[in-house]
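There are 2 protein chains.
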Amino acid sequence: MFEIIARDAAGRLGRLKTPHGDVLTPTLMPVYNPNIPMIPAKELEQEFKIQILITNAYIIYRTPELRERAKQGVHKLIGFQRAIMTDSGAYQAWIYKKELDVTNRTIIQFEEVLEPDIATILDVFTETNDYNIARDGVERTIKAAEECIALREKEKILWAAPIQGGQFLDLLKYCAKKLSVLDFDIHPLGTLAPSLQNYNYKQVTETLLVTKQHIPPSRPLHGFSIGHPIFFALAVAVGVDLFDSSAYALFARDNRYLTVNGTLKFANLEEFPCVCPVCSKFSPSDLREVDRLQREYLLAKHNLYATINEIKRIRVAIRENWLWELVQERIRAHPSLLDAFNYILSTYSDFFLKYDPISKKSGFFYSGSESLLRPEVKRYEKKLLENYSPPPKAEILLIFPDLDIRFENSPQFRNWIDQIPNRERIHLCLYSPIFGIIPEELKDIYPLTQHEFLNTYDLQLNLHAKSVFQKYIQKNQLKYSKILIFRPKFYYNTNAQKQDLISHPIDEIIKEKDLELTIVSSIEQLKLNLEKLI
Amino acid sequence: MFEIIARDAAGRLGRLKTPHGDVLTPTLMPVYNPNIPMIPAKELEQEFKIQILITNAYIIYRTPELRERAKQGVHKLIGFQRAIMTDSGAYQAWIYKKELDVTNRTIIQFEEVLEPDIATILDVFTETNDYNIARDGVERTIKAAEECIALREKEKILWAAPIQGGQFLDLLKYCAKKLSVLDFDIHPLGTLAPSLQNYNYKQVTETLLVTKQHIPPSRPLHGFSIGHPIFFALAVAVGVDLFDSSAYALFARDNRYLTVNGTLKFANLEEFPCVCPVCSKFSPSDLREVDRLQREYLLAKHNLYATINEIKRIRVAIRENWLWELVQERIRAHPSLLDAFNYILSTYSDFFLKYDPISKKSGFFYSGSESLLRPEVKRYEKKLLENYSPPPKAEILLIFPDLDIRFENSPQFRNWIDQIPNRERIHLCLYSPIFGIIPEELKDIYPLTQHEFLNTYDLQLNLHAKSVFQKYIQKNQLKYSKILIFRPKFYYNTNAQKQDLISHPIDEIIKEKDLELTIVSSIEQLKLNLEKLI
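So the sequences go chain by chain: A and B. Going from the first sequence to this note's numbering is simple: count from 1 and add 2. Going from the second sequence to this note's numbering is simple: count from 1 and add 2.
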C-alpha cells in the first residue's frame with residue numbers, strides 16, 4: 003500500500019497506492035473547499051497534475067445541497083478523478099472554538115458514504131497549555147479511532163488516525179503508540195496550526211520527529227496544516243510524507259504571494275519573482291486590472307505552483323541525495339528554521355543516524371557550523387571513536403592535512419607515498435576540518451572524500467576538528483611511539499594548482515602543548531624524519 | 003542614460019535607456035548565436051519578454067551570408083526589436099587560442115554598420131599567471147578603447163569598454179581608472195570565464211568588486227560570462243548590473259538542466275524540479291521521446307526560465323531590501339560561494355558601508371556567523387565605538403538582555419521603566435547577541451529592533467557580542483560609577499509568551515572576571531539595587 007522508493011535524511015520518496023491511482027510522496031494535497039473552491043477540481047487534475055487533494059467531510063455534511071449528493075461519492079461530487087482524502091471537522095471545532103454538532107460515528111458513517119480514498123476519524127484538537135486537557139483530547143482521539151475500527155465497513159477506504167498531544171511530547175508518544183497497534187493506514191500529526199502561525203518551527207519539527215519515531219515506518223506521516231513551502235524541506239528531512247495546503251487559497255484571498263523564501267505582499271510587487279505559467283503570462287499590473295475574484299484565482303494558482311515546485315525539488319533531492327543540502331539553504335529563510343535545525347539535529351542525533359543513508363549519490367556540502375551536526379559527520383565520529391582500531395603494525399602516526407592528500411593526483415602525496423619504506427609501521431591519517439582525523443584505510447567511507455568545504459575556516463570548525471583529534475589520540479595513544487605532523491606551506495587544489503596553505507585546522511593541533519609532536523613542513527624534512535625513525 | 007531606481011547591498015535596480023527601449027537592470031542578456039540560435043529571437047522577445055540580448059559582431063563578420071546582410075542593421079538581421087548588444091570576438095580569440103584575423107578598427111567599423119544599442123571594442127582577454135602578459139593585454143585594451151573613440155561616428159550607439167587585468171587586482175584598478183576617464187557607457191569585466199569554470203567564486207567576486215570600486219557608479223557593470231544563476235545574487239550584491247548567458251544553450255546541448263542551486267543531469271531526472279511553462283507542460287519522459295533538437299530546444303527554454311527567474315527574484319529583493327537575505331541562502335548552494343562571501347565581506351567592509359542603504363524596508367535576518375560581517379552590523383559597531391558618547395548625566399550602566407526589552411509590550415520592561423526614579427542617572431542598554439550593546443537612545447537605528455535572530459546561540463556569536471561589549475566598556479568606563487546587569491530567568495517572546503532564558507550571550511559578560519559587575523535576576527532585586535545607588 004505504501005512502497006518506499008528512495009530515502010534521504012529521515013525522509014523518503016514513496017508510492018501510496020489508492021483506488022484512484024498511485025500518489026508519489028512527499029506530496030502536497032491542496033485543500034479543496036467544496037463550497038468556495040478557488041481553483042476548480044478539473045484544473046487541479048489536468049493543469050496541476052495533482053494526484054491527491056483533501057476536502058472536508060464535515061463541511062459537505064453541513065451543507066444541505068452537498069449532503070444530498072453524498073451518495074454519488076465524493077469523486078463525482080467534486081469532479082476529481084484522482085485520489086481524495088477527507089478531513090473530519092476537528093480543525094473546524096478548533097477554529098470556531100466549539101464542540102461540533104456531529105459525532106465521530108456520524109462523520110465516519112458519512113465518510114463511508116462519500117467513499118474517499120483516505121478518510122479521517124473525528125479527532126480532538128489539543129491546543130492547550132494544560133496537560134490534563136491535552137491528555138483528555140488524546141484519550142478521546144484514541145476512543146474515536148477504536149470506534150472507527152468497529153464501525154467501518156468499506157474495505158477500499160484507507161483510514162487516517164491523527165496523533166494528538168499538542169506540545170506534550172509524552173502524550174504524542176503515548177497517542178502514537180496506541181494508534182500504531184490499531185489498523186490504520188496513515189497518521190497525520192494534528193494541532194500544528196497554532197505553532198506554525200507563531201513561526202515556532204522548533205516545536206513543530208520536534209513534535210513531527212517524536213511522532214515519526216513512534217508510528218510504523220510503513221505508514222505515511224501527514225503534517226496536518228503545513229502548507230507553506232518555506233518549511234517543507236526540513237519537515238521532509240524529519241520524515242513527513244504528506245502535506246496539505248489551504249494557504250495557497252487563503253493567502254490569495256488576502257493578497258499574499260507565496261514564495262519558498264517567505265510571503266510577499268501583492269500590493270508591493272512591481273514584478274513577479276517567478277516564472278510559473280501564471281507569472282510568465284501576467285504582470286502585477288495586469289492583475290491589478292482584473293476583478294477581485296479573477297485576481298484571487300490567479301494568485302491562488304501562482305501560490306499553488308510555488309508550493310508544488312518545492313515538493314518537486316524535494317523529491318528530486320531525495321532521489322539524488324542532496325536533501326540536507328536543500329535544507330541547509332532553506333533554513334536561511336528564517337532564523338527560527340535555523341534554530342529548529344540546530345535543536346533537532348543536536349537533540350535527536352540517533353534518530354537521524356538510524357534513517358540517513360550511509361552512502362549517497364551526491365557529495366556532502368558544508369554550509370556553516372550546523373553541518374557538523376549532520377548524521378554523516380556524527381556517524382563517522384562514532385565509527386572512529388567507538389569501533390575503530392589502528393592497524394596492528396602501526397607505530398608512527400603521520401598526519402597530513404586533507405587538503406593535499408585527498409586528491410589522488412596530488413603530486414606531493416604521490417611522490418611521497420611511492421617512496422616510503424616500511425609502509426606498514428607508518429599509519430597515515432588525514433587531518434580534516436570536518437571529520438577531525440581520517441585513517442587512510444577509512445578514506446573511502448562516504449563522505450570522507452566526497453565533500454566540499456571551505457578554504458577559510460571558522461573558529462567552530464577548528465575547535466570541532468581538534469576535539470575529534472584529541473579524542474582519537476586519547477583512545478589510541480598507546481599504539482603509537484611517535485606522532486609526526488606534515489604541515490606544508492602549500493598544497494595542490496582540486497584543479498591541481500599550487501596554492502599556499504594559509505590556515506588549516508591542523509594548526510590547532512600544532513598549538514597543542516600536551517602532545518609530543520614533530521612537525522615538518524616539507525617532503526624532504528618528512529623523509530629525513532622517517533628515515534631516522536624506521 | 004542609466005537611472006538608478008533602488009539600492010540594496012552594493013547592488014542597484016536601474017533603468018538603462020537604449021534606442022530600442024528601456025532595460026530594467028540587473029538583467030540577463032541571453033547570448034544569441036546568429037548561426038545556431040537555440041531559441042528564436044522572436045520567442046525571446048515575445049514569450050520571454052527579453053529586453054536585451056547579446057550577439058557577436060565577430061561571428062556575423064566571419065559568416066559571409068550574415069556579413070552581407072549587416073547593412074540592414076543587427077535588429078533586422080536577427081529579427082529582434084528590443085535592445086541588442088554586440089560582443090567583439092575577444093572571447094573567441096581566447097577560446098580558439100589564436101590572434102583574430104580582424105583588427106579592433108575593423109570590428110568597431112563593422113559594429114557601426116550593424117548599429118546595435120550597445121557595441122563592444124575588441125579588448126584582449128587576460129587569462130594568464132604572467133603579470134607582464136596581463137599588463138600588455140591591459141595596455142592593448144586601453145589602446146583599443148582610445149581608437150574606438152577616435153573612430154566611432156554614430157551617436158546613438160552606447161559603447162562598452164571591458165576592464166581587463168585578469169587575476170591582477172592592480173591591473174584591474176589601473177585599467178578601470180584609465181577607461182573611466184574615456185567616453186564609454188558600460189564597463190564589462192572581462193576574463194571571468196576561466197575562474198567561473200573552476201568555481202573560483204572568491205576570485206570572481208573580488209575582481210568584480212575591485213572593478214566596481216574604480217568605474218563611475220553611473221556606468222553599468224557587466225559581469226561578462228556570468229550565466230549561471232547560482233552566483234547572480236552575490237554578484238549583484240557587489241554591484242553587477244548586467245549578466246550574459248550562453249549557459250542556457252550550451253548546457254542544454256550537453257543535456258544539463260540548470261537550477262539556481264546547481265546543475266542537474268537530464269539523464270538522471272525522473273521529474274522536473276520546476277514549474278516553468280516548459281516543466282509544467284512536459285515531463286522528462288516526454289522529452290526523451292522527442293528528437294534531439296527538440297529536446298535541446300526545450301531544455302534551453304527551461305534553462306533560460308530558471309536563469310530569468312533568479313534575476314526577477316533579485317530585482318524584487320532589491321526593491322524590498324532583502325538582497326542580503328537572498329545572498330545568505332544562495333551561498334549555501336556551494337561552499338566556494340560561502341568562502342567568497344566570507345572573504346569579500348571581511349576584506350572589503352568599507353566598500354559595503356559606502357553602498358549599503360542605512361535604512362531598509364525589510365528586517366535583518368541572522369543566518370549564521372557570516373551575518374556578523376554584514377554592513378548593517380559593521381556600521382552600527384563603528385557608530386557605537388567611534389561616534390557615540392553616553393548621555394552626560396549617565397552614571398549607572400544598566401544592561402538588559404535584548405530578548406526581553408526590545409518588545410515594547412514586554413511586561414517586565416513596562417513595569418519597571420515606569421517606576422524608575424532618577425531616570426537620567428541610569429543608562430539603560432540592551433545586550434544583544436548580534437550588536438553587542440545597544441544604548442537605549444540608539445535603539446531605533448536600523449536594524450537594532452528590526453532583526454530576527456536565534457534562540458540558541460553559537461560560540462562565535464557569543465564571542466562577537468562580548469568583544470563589542472568589552473570595547474564599549476573600555477572606551478566609556480570612566481563615565482560609569484557602577485555596572486548593573488539584569489539577567490532574568492525568563493523573558494517574554496515576540497508572541498508575549500513567557501519563556502525561560504536558558505542561555506544568552508549576556509552570560510558571557512557575567513563570566514568576565516575583570517569587571518566589577520552586579521548581577522540581578524529579578525525586577526525586585528533590580529529595584530533594591532537601584533534604590534541603594536540613587
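Treat each hint with caution, since some may be false.
A pair counts as met if it fits within one copy or between any two copies, since identical chains are not told apart.
Claimed, not checked - Calculated cross-link-like contacts (lysine-lysine; reagent style DSS-like; alpha-carbon spacing at most 30 Å): (1) Lys500 x Lys204; (2) Lys267 x Lys362; (3) Lys158 x Lys356; (4) Lys267 x Lys363; (5) Lys180 x Lys44; (6) Lys19 x Lys529; (7) Lys384 x Lys51; (8) Lys175 x Lys100; (9) Lys100 x Lys500; (10) Lys445 x Lys78; (11) Lys491 x Lys204; (12) Lys314 x Lys484; (13) Lys356 x Lys204; (14) Lys513 x Lys283; (15) Lys534 x Lys156.
Hints were generated in silico from the structure; no laboratory data involved.
Unmet hints by their number, sorted upward, for this structure: Structure breaks hints 3, 5, 6, 7, 10, 12, 14, 15.
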